[in-house]
Each structure stands twice: as C-alpha cells, then as structure tokens.
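K.L.:
The chain contents come next:
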Amino acid sequence: MLKDITLGQYFPGNSPVHRLDPRTKLILLVVYIVALFSAGNWVSYGVVFAFLAISIAVSQIPLKSILHGMKPLVFILIFTGILNIFFTAGETVLVSFWGISITLEGIIRAFFMVLRILMLITGTFLLTYTTSPISLTDGLESLLGPLKKLHLPVHELAMMMCIAMRFIPTLIEETDKIMSAQKARGADFESGSLLDRVKALVPILVPLFISAFRRADELATAMECRCYQGGDGRTKMKLLRYKLLDFKGFGVGVVLLAAVFVLGSFGL
Amino acid sequence: MPTAVSVEHLSYSYPGVDNTPGVAVFEDLSLTVEQGSFVAVLGGNGCGKSTLAKHFNAILLPCGGKVYVCGMDTSDEEKIIPIRRSMGMVFQNPDNQIVANVVEEDVAFGPENLGVASPMIRQRVDRALQQVGMFEYRSHAPHLLSGGQKQRVAIAGIIAMEPKCIVLDEPTAMLDPKGRREVMETVLKLNREKGITVILITHHMDEAAQADRVVVLSKGQVVSDGTPREVFSHVELLHSIRLAAPETVELCKALNDEGFRLPLDRLDTEECAQALYDAIKA
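Sequence order for the protein chains is Z and F. Those letters in the first sequence? Residues 1 to 268, by our numbering. Those letters in the second sequence? Residues 1 to 282, by our numbering.
Do not rely on the hints blindly, as some may be mistaken.
[Unchecked claim] Lysine-lysine pairs mimicking DSSO-like chemistry, simulated, CA-CA at most 30 Å apart:
#	chain 1	residue 1	chain 2	residue 2
1	F	Lys79	Z	Lys236
2	Z	Lys148	Z	Lys238
3	Z	Lys238	F	Lys49
4	Z	Lys248	Z	Lys238
The hints are simulated quantities; they were obtained by calculation from the structure and are not laboratory data.
So that you can see chain Z by itself, here it is in the shape it has in the complex (with noise of 0.2 Å):
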C-alpha cells in the first residue's frame, strides 16, 4: 500500500516545456506569480489564464492529471470562496438575512480568489509535473547560488534535497517491512480508537528513527570516502546552459508580465 506513494510526481517525457531549463522554468513561475497577483479584472486574468492554458497545451500533461492533483484542494477553495461571498462589503445586495448581505461585487470578488488560487496551484503542478526533482535541485541550487555570498549553506540544502528524495523510496520499503515484522507478532494497525491506533504505531517508528540515524551515519562516512568536502571547488557532470529556448521563455514572460501591467494601467 505503500508503495503507491508517487513522488515528486514527475511525469517523463519531450516536450518543449519538459526540455526548458529548470531555471527558466522556475523564473517563468515567478513571473507568472507575479502577472496572475497583478491582474485585477477579467482582461487581464484572460491573458494569464491564455498563458497558462498554452503552457499545458504544449506539455501534453494530460488535464485529468492535474485535475486529480486537485482533489485535495477543494476544501480550501470552498472555504476560501465562502468566506469571500459572506464578508466583502458591496453596494448591489443580491440577498440578506440574519444582518449579512451577499452582494454582487462579493461573488464577483470569491470567483477572482478561487480563480487565482486554482492557477496558481495549476502553474506549481506544471513545474512539478515537467521537472525531474534532480534538475529542480540543480536548478534551485544555481538561482540561488548568488546568496552564497550572503553564507546562506545553498549547496549544502541542495544537497540535503537531493539525498532526502533519494532516501524517501528506501525508507518507504523500510516502513513496510516493519509493519509486516510487527503484524507477523501479532500488531493490528487497523482497529480500534484514533488512540489506540496512534500508539500503534510507535512500534513502527521507534525502529525506522534508529535505522534511518543508522543509514545517515554508514552514508557519511560513505560520502567522506568518496571525498566529499562540500560544496566548494565542487564541478558538476551536467552543466545548466540556456539554449534558444530559454530565451524564447523568457520573451513570453516578458510579454506576459508587459500585457498584465500595461492592461492594468487602463484599469482593465
């Protein structure tokens, strides 16, 4: 059961989107961050939502995928969304009781918020989605090489990304041999109160903490063999450049952020 967990879930494959530079992608994010934040009617929404619906079309990431990824937000949306509808002050009262107003401009105004949420956790997927967890590392640890000089331990997060992800498959089989060792003694992880199964599984982490400390010390050691001294005069097998490509990338979010604010200074 387990060993459904997907990670990272990265989806392999060719597309323009997946052979961008995982810098580009990542600034592009922001970009697009920042347009969808600044767009503030439904002309400049149409533009990011255009980019954003572009951008899946390209990466032939199929919508039920991401649409699946949602599940886990509807809650949020909901409460976000109600809770817009009940408390914006507007002057067009649609209905009233109980001393509180729906108004027009606070369904106009939950529509944007639930809007703004559902593209901006659509954008994050298509990162996700189009990056192996490698290259996002890669690319994380060189945006933010310049803060090195600030003795900000970049390489060494990177480094602690890229091990921990390394590791999650390890301890996840780690996990389920234990349960099986524990149920084969006879424990039940699945009846009883929240209590009684909260306390079950102390049996099941007490052993994965120690083996895990284990594994993280036979690791160092294995690492300083291999000569690890962090992250200075470090090179790297793959070399991040950007190809024609990238630059193609950043014109769109270029574009993209111009068309927001230029829309926005007509007050569209």
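With the hints as your guide, set chain F onto chain Z.
P.N.:
Showing chain F alone in chain Z's frame:
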C-alpha cells in the same frame, strides 16, 4: 614491487565511554600490500577487519604506529584527500552509500567532489559504468535495482575517481548468490585488467580463495599470511579461530581424519575430484 599500503606497528583502541578505558583492537599490527595484488582479509567477528579497513583511508587514525597509503601518511591532514582519492572504499550495505537518485548522477558524485572538469566527468562515468556492466542502467533509479546491481553501481562510483586501490568491506554480505557472483566477477576483472590493487574483506572462504594472497586476522593479530593454498591447508589453525576452510579442503580434511592421505591445498572442485580419484585408485 611498490607497496600500495603499508601498516607499521599499528595500535588502535576505540575510545571508551565516560573515561572508561576503550577496547583495544590492535596492539602491534604490521602488514604490507603490494600494488596490483588482490589480497583477501579473513577473520571471525570482532577480529578488527573493518577497523583495519577504516585505517586504510583515514576514516580512523592510528593511536600508535603508522599507516602509509601509496607512500602518504594517513595521519597527515593535508594528505587526506589524495589518500581517499587513491584508496576507494566500498561498504557492506549498497543502499547506504548511494547518494543520488539516478545511477549516473551517483557515479559522478566522486569526480564532482574532486573538481574534475564536466566533459571529463561524463567520460569517466560512462567508462566506469561500462566496466561494471551497468551502462544500460545509467538513467535508472537506484532503488529499483537488485542488491548486486546496486553494489556494482557503488563500485562504479569508486572507480570513476580512478583510485589505485580499492578496499571492499564485506561487499557481498547482504547479497544473494547471483549478486555475489556479479560483484566478485567485477572485482576480479578490475584487478586483472586494470591493475587496481584490491583488498577484499570477507568471511566467504570461496571468495578469499580467488585472491592472490590471504591474510587471516584474529584478535588484532595476523595469524596466517600466504597464498590461498598455503593458508587454507592449515585447517586446524582456521578451526581454532572459528573459521572454516573452503568446502573442498574441509572434505579432504575429514577424509584424512579417517585415514586417507589427501593433499589439503585443493581449492577447486575439479582439482579436489582429481585428488580423490587418484587416492581411491591408489
């Protein structure tokens, strides 16, 4: 022949907890390993095999005496990186030595740490993966490989650093027979074809029998040292430190106890059968 490793009067004890005296592992151990040789180190549990291995690349430093790797003193801090670069180390659990979640990225980890130029890393990684026969798995995730394959990836990660010498600390202990065979074939090939010095720490007699030289440790002392034939023919000595000789030798020994007079240096099944045939005919 030049020496790859030379251990001179090594003494080491693990630090004790709360000022209690530590446990002494070695009191006065001397050993040299020639470049290009294949040495198996045998010994029962707790005889100091792994502790010795950790001295070979400065993970542990001697309390007394010296350890030299390719002429470099392991207690010289400035030499640590050159030492680790010429002395690769493969551990028992393949899972706990793989760093990245793509095979080729993991193999590249060592050369990346050494600051090798990017196009050179690519070459080294491809060559190392070809040498261990894992080239077609270069873009796989390590957790989907078998134990033997993971261990071969770990070996590739070491040879991509182009070391002169490799220490393998019970590399087959967690593998199934197929994985063990794959790893042993790889190690033998590296020794024969690339001239890499191999120090294999093991408790499988049949693996040790494939080495040029066998060193038997017991309680921190070298109790036997020679070619596999010499070492394994001292069956009683091996038994006294709770080790078994290879099965062919054990068979001959058991028959000798019943009155036969068989040679005790037949390590190969074929040779052993021939010796039995000769004995029965006579």
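K.L.:
Are the hints correct? Go through all of them and say.
P.N.:
Okay, the hints, checked on the actual structure:
no. : hint                   : in the structure
1   : F:Lys79 with Z:Lys236  : holds (24 Å)
2   : Z:Lys148 with Z:Lys238 : holds (21 Å)
3   : Z:Lys238 with F:Lys49  : violated (38 Å)
4   : Z:Lys248 with Z:Lys238 : holds (22 Å)
Violated hints amount to a single one, hint 3; each of the other numbered hints is respected by the structure.
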